[in-house]
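At position 278 of the sequence shown (counting the first as 1) the number is 278 in UniProt numbering, and the numbers step up by one without a gap.
Keep in mind that a hint or two might mislead.
As the list claims (entries may be wrong) - DEER-style ranges, computed between Cβ atoms:
{"no.": "1", "residue 1": "ASP68", "residue 2": "PRO179", "range": "35 to 45 Å"}
{"no.": "2", "residue 1": "THR317", "residue 2": "HIS226", "range": "30 to 40 Å"}
{"no.": "3", "residue 1": "GLY284", "residue 2": "SER71", "range": "43 to 53 Å"}
{"no.": "4", "residue 1": "ARG138", "residue 2": "ALA228", "range": "37 to 47 Å"}
{"no.": "5", "residue 1": "PRO227", "residue 2": "GLU252", "range": "30 to 40 Å"}
{"no.": "6", "residue 1": "GLU44", "residue 2": "ASP82", "range": "27 to 37 Å"}
{"no.": "7", "residue 1": "GLY164", "residue 2": "LEU229", "range": "33 to 43 Å"}
If you are wondering where the hints come from, they were derived from the structure by calculation, not from laboratory data. All of these numbers come straight from a predicted model, not from anything done at the bench. A virtual CB, placed ideally from N, CA and C, is assigned to each residue, including glycine.
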Amino acid sequence: MTVVTLSMEVELAWGVHDMDEERISPGRRAESEFFDRLLARCDEAGVPFSFDVVGHLFEASCDGTHGDHCSPDWFDADPGTDAERNPEFYAPDMVRAMTATDVDHEICTHSYSHIDCSRFDADTVRRDLELAQAVHERDLGERTVSFVPPRHHTPPTDALRAAGIEIVRMARTPPEQSPLRTFSDHLFGTHDGMSLEYRDGIVFTYCSKRASLISSLLPKGQEETHPALRYLPLSTSQRQRHHLGTLRRSVEEAIETGEPLHLWCHLHDMANEEQWVGIAAFLGWLGEQADAGRIELLTMEELNERARDGRLPVRLTGDDAATGSDGTPTRLAERTVDTAGEELRRTATDGGTDS
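Based on the provided sequences and hints, a complete structural model is requested.
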């Protein structure tokens, strides 16, 4: 059965403070409102999310000092206050809300400080993940096995293993294409399903680089629609129907191919009425497809479990090779858990190979 996973990056100001804080609404009022709506709609539809939460949002307050972690300027944006004065940097209320739903959502980590994995060494990434794991243990009573790296930057697998991470969501970078082709994709394209992979002891689930749960034909959170798409002769309702249609077609295509489909966005992306209409309708439809047995809705943690016990096919990649019956080395990328599940489980148990 085709597997569909939904994930949402909950980062608030930590995700944009070095870019443009105006992407977050004043006092994060819009983000809070639409997050509450999302949780209620998920309960109605029976649809789980993997929420990828920046660890600092677990904090109710802090003094703004974090020792020598990352670099002297990494926490310059930290106001050193509390959730009442700067709710865009502190969101323990959102974390509590995720745990108070009828649907069993997963709370993953999006790192503690929205760390740039391309900028810092493996030990710094590991320490940041350990800080995130500490707040998970403190507030949720358990560590997480799931990590979504900020801005899709590839993390070092040895740091992941050391911090207890077993599954990572990464983005597949599309091939370079012309502006006309990109424009066409926004209008007519769908979101592809992509195989799971296993490398160096880590399961990788893949998504598109462009946020796929939202529509680029509509305003994105507090931002206006891109000028190239803003002036198309389409009404808001037509754009919203296009939004829903694209999501539904993506699922239908995944059912045809059998590939796992992973759809995602940031919380602040969908925090407006224009985006919400299509998302709410899609969640209802998605729940109906699951009830009808056409798809299975799995969190990242569940993907990891299925991959490791052989219930989901996984491409084994990396430098390891296995020997075939004729003595010829066989690339692990040519095999799946269906035929090499025991080897995957063994590799996972002994920690895999270093990256």
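Right, here's what the structure says about each hint:
no.	hint	result
1	ASP68 <-> PRO179: 35 to 45 Å	44 Å, holds
2	THR317 <-> HIS226: 30 to 40 Å	35 Å, holds
3	GLY284 <-> SER71: 43 to 53 Å	45 Å, holds
4	ARG138 <-> ALA228: 37 to 47 Å	46 Å, holds
5	PRO227 <-> GLU252: 30 to 40 Å	31 Å, holds
6	GLU44 <-> ASP82: 27 to 37 Å	33 Å, holds
7	GLY164 <-> LEU229: 33 to 43 Å	42 Å, holds
The structure fails none of the hints (numbered hints given earlier).
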